[in-house]
Amino acid sequence: MRRGASLLTAENVAFVVFLAYLLVYPSTTDEFSIGNTAYFMAISLMALSLALIWGKAGILSFGQTAFFGIGGYVYGIYTLNVLGSGATWIGILVGVLAGGIVAATLGYFMFYGGVNDVFVGLTTLALTLVLQTFMAQTAGPEWAVGEARLNGYNGMYVPQISIGDAALYGKPLYFLYLAILIGVYLLLRWLSGSRWGYGLVALQENRTRTETFGYNVRFMQVQVFCLAGCIAALSGVLYASWGSYIDPSSMGLTAAITPVIYVAIGGRRSLTAAMISSMILLQLSQSLASSAPEYALVIFGVLALLAVLFVPEGFMAALFSAIDRALFKRSRPDRGVGTGDVTPGTPRVS
Amino acid sequence: MTSETPLLALEGVSKRYGGLRAVSDLHLVVHRGELRCLIGPNGAGKSTVFKLIMGFERVSSGKIMFDGAGIDSWPTWRRARQGLSIKMQIPGIYPELSVHDNMRVAAQYHVGGGQIEASIDRLLARVGLGGMGGVLAKNLSHGQQQWLEIGMALSVNPKLLLLDEPTAGMGPGETEATARLVESLNADGVTIMVIEHDMTFVRQIARKITVMNLGRLFAEGTITEIEANQAVTDIYLGRT
Numbered sequence: 001m002r003r004g005a006s007l008l009t010a011e012n013v014a015f016v017v018f019l020a021y022l023l024v025y026p027s028t029t030d031e032f033s034i035g036n037t038a039y040f041m042a043i044s045l046m047a048l049s050l051a052l053i054w055g056k057a058g059i060l061s062f063g064q065t066a067f068f069g070i071g072g073y074v075y076g077i078y079t080l081n082v083l084g085s086g087a088t089w090i091g092i093l094v095g096v097l098a099g100g101i102v103a104a105t106l107g108y109f110m111f112y113g114g115v116n117d118v119f120v121g122l123t124t125l126a127l128t129l130v131l132q133t134f135m136a137q138t139a140g141p142e143w144a145v146g147e148a149r150l151n152g153y154n155g156m157y158v159p160q161i162s163i164g165d166a167a168l169y170g171k172p173l174y175f176l177y178l179a180i181l182i183g184v185y186l187l188l189r190w191l192s193g194s195r196w197g198y199g200l201v202a203l204q205e206n207r208t209r210t211e212t213f214g215y216n217v218r219f220m221q222v223q224v225f226c227l228a229g230c231i232a233a234l235s236g237v238l239y240a241s242w243g244s245y246i247d248p249s250s251m252g253l254t255a256a257i258t259p260v261i262y263v264a265i266g267g268r269r270s271l272t273a274a275m276i277s278s279m280i281l282l283q284l285s286q287s288l289a290s291s292a293p294e295y296a297l298v299i300f301g302v303l304a305l306l307a308v309l310f311v312p313e314g315f316m317a318a319l320f321s322a323i324d325r326a327l328f329k330r331s332r333p334d335r336g337v338g339t340g341d342v343t344p345g346t347p348r349v350s
Numbered sequence: 351m352t353s354e355t356p357l358l359a360l361e362g363v364s365k366r367y368g369g370l371r372a373v374s375d376l377h378l379v380v381h382r383g384e385l386r387c388l389i390g391p392n393g394a395g396k397s398t399v400f401k402l403i404m405g406f407e408r409v410s411s412g413k414i415m416f417d418g419a420g421i422d423s424w425p426t427w428r429r430a431r432q433g434l435s436i437k438m439q440i441p442g443i444y445p446e447l448s449v450h451d452n453m454r455v456a457a458q459y460h461v462g463g464g465q466i467e468a469s470i471d472r473l474l475a476r477v478g479l480g481g482m483g484g485v486l487a488k489n490l491s492h493g494q495q496q497w498l499e500i501g502m503a504l505s506v507n508p509k510l511l512l513l514d515e516p517t518a519g520m521g522p523g524e525t526e527a528t529a530r531l532v533e534s535l536n537a538d539g540v541t542i543m544v545i546e547h548d549m550t551f552v553r554q555i556a557r558k559i560t561v562m563n564l565g566r567l568f569a570e571g572t573i574t575e576i577e578a579n580q581a582v583t584d585i586y587l588g589r590t
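Protein chains in written order, with this note's numbering: chain F, 1 to 350; chain U, 351 to 590.
Only chain F is shown next, with the shape it has when bound in the complex:
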């Protein structure tokens, strides 16, 4: 961010309104809606993960779904085998680390092997589908890790996050998920404005050029891939513990593409737009699933197509820009100061 840049932007205002709404929402609604919104928050972490890896670093990954599944399954396996107070909290950490380790390993071989651009998408999609296929055939009793039966498409039972012997649900669970979502969001906003964040944006535009400024580009790619994998795994952990259940469909083709569509519609380069729009689209998706399930995928497909064709920065991100220009009279570098407004200078000889 340029020195003296204003904090009064549509994006920041939207975040504050969004946060205020989520803070008061539980006192205005019923238990079911509170739980439902907690589920949306868990899935919105996937959107943040994609906004980081795709929006900031330019790496389109379909592997976030695989890390999501790894997080959920590993959390379940750990908490089913390790009893005692605090096991679920350590389980969260173990699930996140598992996703991060797999992501770092895959990322190392991809990026140090020179795999980039569309081939990362293909490789990560293959990982997701391989994991789904593998987990799908684990229905038999021989597929167990200690006390944890994987159960194939019957799904694996997953313990809920608990304090002592009491499982968290309702408002405490809601506020825990809200704290995690906002914590991850703020961490990513901070990283985006850091030296590392600037480097990510630069390598997205031109890897070779960025390396000539001293950036260890491949290492940075592995780092961001690993971090995004951790966030996706955290999403999987929260999802699995919320529903006490996970099955291989959470790693399927539809599951891999849906968050990409959410982020494309909202705006992949804006963490705020990705987070808020995914919450809204999840609500819309759930409403359509009950009222017009046959149209749900068609509507999202059309929205994604419109975004790609006409609003490549995403609808919500475009809205932020429009509000910035209209209300805050912000002189944006990409608007209004184009060719013709530039007064040619001359290099100064000192």
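Quick caveat, the hints were computed from the structure, so don't treat them as lab data.
Where is the CB? At the ideal position from N, CA and C, for every residue including glycine.
Just so you know, not all the hints are guaranteed correct.
What the hints assert, rightly or not - Pulled from the structure, derived: some chain U residues nowhere near chain F, Cβ distances all over 12 Å:
(1) Glu354
(2) Glu361
(3) Gly383
(4) Gly393
(5) Thr426
(6) Gly571
(7) Thr574
As the list claims (entries may be wrong) - Here are some of the chain F residues that sit facing chain U, going by a computed Cβ distance under 7 Å:
(8) Asp117
(9) Tyr198
(10) Ala202
(11) Gly214
Given the coordinates of chain F, work out where chain U should sit on it, guided by the hints.
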């Protein structure tokens, strides 16, 4: 390192692409403070030499020494941190970022956090882009993009600045301004190597010229010596 140690030394460097020898047994030494022009007809291997120095390509044989260290096996980012910087032939700016952010990306690893804004402002003024930090880089004119890239290359506080055709696509006024900029940078102590086809520009800035042809070092000398060299004229006219 003693001041007599060459800043850059290419010792018998060759680069082969299959059966093609782009650079062949090249010996080249650049001392601190030099302003060296590298000229030659198209296909002489000049840009390949820059790519080998920066580590975009690895040498097939021979050795590259920079500031007393063998850098053949170093990745590009490590060479950059050691003090090598380049302005590429095709403008290597980030078109979707503002001028300021282009400069910040370039400077981050080389300028302390507290000094970075002052450094950006100073360098932008120096390359004629003062007050234009908020402009999107793709909206600059071609000449301004070239100057921005020179500014970015300077942000790393280079020991050796490589300029690959810095005046390509520029008009006479911009070329003249660029020549003055390059001379002033050199006067400030920056060692510079320039690849250039515009002989007016070369005549204005060059202290020493290296001529390459068919991947080999063909001649070396002052501008007067090179212009008086009939063999050099012949290779430009395709007589050899």
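Hints, one by one, checked against the model:
1. Glu354: About 28 Å separates U:Glu354 from the closest Cβ of chain F, which puts it past 12 Å; holds.
2. Glu361: Fine: 23 Å to the nearest Cβ keeps U:Glu361 off the interface.
3. Gly383: The assertion about U:Gly383 holds, with a minimum of 17 Å to chain F.
4. Gly393: Given a closest Cβ separation of 22 Å, the condition holds.
5. Thr426: Violated: least Cβ distance 4 Å, not greater than 12 Å.
6. Gly571: The claim stands: U:Gly571 keeps its Cβ more than 12 Å from every Cβ of chain F (closest is about 27 Å).
7. Thr574: The assertion about U:Thr574 holds, with a minimum of 25 Å to chain F.
8. Asp117: violated (17 Å)
9. Tyr198: Holds, because the Cβ-Cβ distance from F:Tyr198 to chain U comes to roughly 5 Å (cut-off 7 Å).
10. Ala202: holds (4 Å)
11. Gly214: Hint on F:Gly214: holds, closest Cβ of chain U at ~4 Å, below 7 Å.
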